[in-house]
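Trainee: The residues making up each chain are set out below.
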Amino acid sequence: MSAALAVEADGLVKTFGKGDGQVRALDGVSLQVPMGTVLGLLGPNGAGKTTAVNILTTLLKPDAGRAEVVGVDVVKHPARVRNQIGLAGQFAAIDENLTGEENLALVGRLNHLARSDVRARTRSLLSDFGLSDAGGRLAKTYSGGMRRRLDLAAALVARPPVLFLDEPTTGLDPRSRVDLWKVIEDLVADGTSLLLTTQYLEEADRLADRISVVDHGRVIAEGTSAELKSKLGSTVVEARMADEDAAEQAIGALKSIGDHDPARDGVVVRLTASDGPAALSEVVRALDASGLVLAGLQVREPSLDDVFLSLTGHRAEDGQDEEIAAGADERRGGRRSG
Amino acid sequence: MTALSAGDRLARRGGTHVVGDALAMARRNVLRLLRAPDQVMFTLISPIMFTLLFRYVFGGAIGGLHGLDYVTYLIPGIAVQTAIFSAGTTGFALADDIKKGFINRLRSLPMARSAVLTGRVTADSLNNLIQIVILVLVGVAVGFRPQSIPGLILGILLLLLFALSASFVFALVGMSVSSVEAVNAATFPVVFPLTFASSAFVPTQTMPSWLRGFADHQPVSVIINAVRSLVLGDISPSVREALFAGQSTVSLVLQSVAWTAGLILVFGALSVRKYRRLGS
Numbered sequence: 018m019s020a021a022l023a024v025e026a027d028g029l030v031k032t033f034g035k036g037d038g039q040v041r042a043l044d045g046v047s048l049q050v051p052m053g054t055v056l057g058l059l060g061p062n063g064a065g066k067t068t069a070v071n072i073l074t075t076l077l078k079p080d081a082g083r084a085e086v087v088g089v090d091v092v093k094h095p096a097r098v099r100n101q102i103g104l105a106g107q108f109a110a111i112d113e114n115l116t117g118e119e120n121l122a123l124v125g126r127l128n129h130l131a132r133s134d135v136r137a138r139t140r141s142l143l144s145d146f147g148l149s150d151a152g153g154r155l156a157k158t159y160s161g162g163m164r165r166r167l168d169l170a171a172a173l174v175a176r177p178p179v180l181f182l183d184e185p186t187t188g189l190d191p192r193s194r195v196d197l198w199k200v201i202e203d204l205v206a207d208g209t210s211l212l213l214t215t216q217y218l219e220e221a222d223r224l225a226d227r228i229s230v231v232d233h234g235r236v237i238a239e240g241t242s243a244e245l246k247s248k249l250g251s252t253v254v255e256a257r258m259a260d261e262d263a264a265e266q267a268i269g270a271l272k273s274i275g276d277h278d279p280a281r282d283g284v285v286v287r288l289t290a291s292d293g294p295a296a297l298s299e300v301v302r303a304l305d306a307s308g309l310v311l312a313g314l315q316v317r318e319p320s321l322d323d324v325f326l327s328l329t330g331h332r333a334e335d336g337q338d339e340e341i342a343a344g345a346d347e348r349r350g351g352r353r354s355g
Numbered sequence: 153m154t155a156l157s158a159g160d161r162l163a164r165r166g167g168t169h170v171v172g173d174a175l176a177m178a179r180r181n182v183l184r185l186l187r188a189p190d191q192v193m194f195t196l197i198s199p200i201m202f203t204l205l206f207r208y209v210f211g212g213a214i215g216g217l218h219g220l221d222y223v224t225y226l227i228p229g230i231a232v233q234t235a236i237f238s239a240g241t242t243g244f245a246l247a248d249d250i251k252k253g254f255i256n257r258l259r260s261l262p263m264a265r266s267a268v269l270t271g272r273v274t275a276d277s278l279n280n281l282i283q284i285v286i287l288v289l290v291g292v293a294v295g296f297r298p299q300s301i302p303g304l305i306l307g308i309l310l311l312l313l314f315a316l317s318a319s320f321v322f323a324l325v326g327m328s329v330s331s332v333e334a335v336n337a338a339t340f341p342v343v344f345p346l347t348f349a350s351s352a353f354v355p356t357q358t359m360p361s362w363l364r365g366f367a368d369h370q371p372v373s374v375i376i377n378a379v380r381s382l383v384l385g386d387i388s389p390s391v392r393e394a395l396f397a398g399q400s401t402v403s404l405v406l407q408s409v410a411w412t413a414g415l416i417l418v419f420g421a422l423s424v425r426k427y428r429r430l431g432s
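Chains A and B, in that order, give the protein sequences. Take 18 as the starting number for the first sequence in the working numbering and just add one per residue. Take 153 as the starting number for the second sequence in the working numbering and just add one per residue.
Simulated from the structure, these hints should not be mistaken for lab results. Model, not experiment: these values are computed from the prediction. A couple of the hints might just be wrong.
Have a look at the derived ranges for each label pair, beta carbon to beta carbon [unchecked claim]:
no.: 1; chain 1: A; residue 1: 198; chain 2: B; residue 2: 312; range: 49 to 57 Å
no.: 2; chain 1: A; residue 1: 149; chain 2: B; residue 2: 252; range: 19 to 27 Å
no.: 3; chain 1: A; residue 1: 150; chain 2: B; residue 2: 168; range: 20 to 28 Å
no.: 4; chain 1: A; residue 1: 310; chain 2: B; residue 2: 332; range: 57 to 65 Å
no.: 5; chain 1: B; residue 1: 332; chain 2: A; residue 2: 154; range: 21 to 29 Å
no.: 6; chain 1: A; residue 1: 154; chain 2: B; residue 2: 337; range: 33 to 41 Å
no.: 7; chain 1: A; residue 1: 27; chain 2: B; residue 2: 422; range: 55 to 63 Å
Just so it is clear, CB atoms sit at the ideal spot from N, CA and C, and this is done for glycine as well.
Could you put together the complete structure from these sequences and hints?
Mentor: Dropping the structure here:
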């Protein structure tokens with residue numbers, strides 16, 4: 018294994034539950050984070066992102082596969098791994114009944130830093146994260162954005178060389194999200210290696226050097242943001258038709274336009290193209306020539322949804338519903354056969 | 153942004169951290185306790201109500217005490233009940249820490265694995281001590297007269313040790329169920345019969361023989377009898393025969409210590425094992 022890797026995982030498998038209720042959260046996930054770079058793990062709810070982070074941060078043991086953080090095996094030497102990592106999870110893991118300062122000092126003490134270092138780190142982190150004034154207040158009085166910043170600060174107390182951020186901005190308002198992005202960018206500029214999970218393409222796009230797209234416990238695509246987008250086409254054109262019949266006909270009419278075959282979602286026909294505006298006028302001409310009437314038309318940047326639709330054929334948001342529906346079918350089937 | 157720099161590693165103190173980490177966690181738990189004194193009072197409301205109820209409402213009708221004052225009989229029973237309910241805090245607090253994700257942060261730190269539990273029960277023991285002292289004071293106000301002060305102090309120590317063992321039982325429950333409410337639901341059906349089918353409120357002689365067999369030998373009665381015997385000091389052989397089946401204070405205390413140590417060993421080990429396997 019190369020020493021230049023901050024994180025390396027190979028064929029991680031993790032299953033939860035028993036019997037019919039069994040869920041394969043990870044189904045052979047492999048990933049690499051070179052030192053000093055950012056890997057974005059992009060996927061919908063339930064894709065297995067948090068399970069992967071929990072294994073890499075020694076909170077969970079994998080059923081199969083292996084993983085190393087700065088060259089140390091996470092299963093064989095968890096204690097040594099914990100000396101190298103910082104983790105900020107999906108929910109701000111801070112103690113609401115302690116002040117911001119006490120939260121950071123506790124983490125410093127449990128990292129076995131010298132008392133003077135604990136004090137110095139606490140002060141400078143509170144200041145860097147804009148919490149100096151709130152440091153003496155109980156964390157339960159903090160806003161959502163402040164809690165996330167305190168949580169991130171807690172992950173940084175011991176200056177870990179490798180940082181894991183599990184959906185750091187989920188649930189934050191746009192302003193707090195942009196603030197947190199800036200903090201993360203500063204960290205990375207200072208040499209921290211980062212594994213970041215997110216549901217937002219925009220976030221992965223902005224922060225990650227490379228992106229692994231995860232779905233149903235598997236990595237289904239990997240590359241830089243530009244590589245993924247070029248696979249996809251850089252813009253999405255959506256034509257809304259009057260009804261589903263018209264939409265079916267429109268698919269035929271629009272086949273020659275865009276990078277891939279158009280796809281239909283209800284009455285909306287979607288295609289991707291590298292040059293959106295040019296494709297837009299082609300769409301109008303082609304539909305006009307076929308005598309189809311448009312109900313609406315728009316060009317937009319591709320979203321995570323589009324990445325998923327093109328990579329998996331299903332929408333990102335449907336991931337969980339499908340599983341629930343499949344489970345319900347199995348239960349119904351079980352009753353019939355029983 | 154110097155504080156964010158990753159390159160400049162900080163020195164860590166070496167050696168074992170079992171005690172230091174436990175103290176850091178205990179300090180955190182005590183700070184929380186001091187910030188919510190209403191919680192300490194809240195868990196005391198029911199034992200104080202029980203004291204008043206049994207002292208003034210039922211007490212006059214309770215017989216078989218061989219001339220003992222009922223309040224003096226009652227308070228050791230209520231104190232053990234209080235210790236059990238107060239140990240429930242351990243379970244609630246752990247379930248709450250797990251639910252809020254705080255335990256995951258701790259488990260990702262290079263801290264001693266035992267410190268979450270040992271720090272928890274250390275702080276909870278302090279809480280128990282406060283509760284027992286308040287209860288004894290309330291008891292004295294309504295007529296509780298311990299006959300032996302060294303006995304009372306030993307009794308309180310025994311209670312603390314028992315509360316510690318109960319804390320480990322609740323720790324396991326707290327880590328095994330999904331919510332704080334579930335800790336409550338899971339413990340009530342166990343705690344209720346253990347405290348009522350015991351010598352806590354009435355002597356067991358009047359119970360039907362099948363129930364008396366259980367009530368006399370289950371651990372809660374053993375602890376109550378040991379504390380009661382310590383507090384009563386010298387009593388006549390006939391009273392000792394009636395209340396404690398003739399067992400001496402030393403014998404009762406040794407049995408209590410054996411039960412308590414057994415509970416700590418078994419549930420301590422199960423709790424540590426559960427903690428290590430959280431989430432999987």
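Trainee: Between residue 198 of chain A and residue 312 of chain B, does the C-beta distance stay in 49 to 57 Å?
Mentor: holds (51 Å)
Trainee: Should the hint that residue 149 of chain A and residue 252 of chain B are 19 to 27 Å apart at their CB atoms be regarded as holding?
Mentor: holds (25 Å)
Trainee: For the pair residue 310 of chain A and residue 332 of chain B, does the Cβ-Cβ distance stay inside 57 to 65 Å?
Mentor: The hinted range 57 to 65 Å holds for residue 310 of chain A and residue 332 of chain B, with Cβ atoms some 59 Å apart.
Trainee: Given the hint of 33 to 41 Å, is the C-beta distance from residue 154 of chain A to residue 337 of chain B inside that range or not?
Mentor: Given about 35 Å between the Cβ atoms, the range holds.
Trainee: Do the Cβ positions of residue 332 of chain B and residue 154 of chain A conform to the proposed distance bound of 21 to 29 Å?
Mentor: holds (25 Å)
Trainee: Given the hint of 20 to 28 Å, is the C-beta distance from residue 150 of chain A to residue 168 of chain B inside that range or not?
Mentor: violated (38 Å)
Trainee: CB of residue 27 of chain A to CB of residue 422 of chain B, is that within 55 to 63 Å?
Mentor: violated (34 Å)
When the structure is compared with the earlier hints, violations turn up for hints 3 and 7 and for no others.
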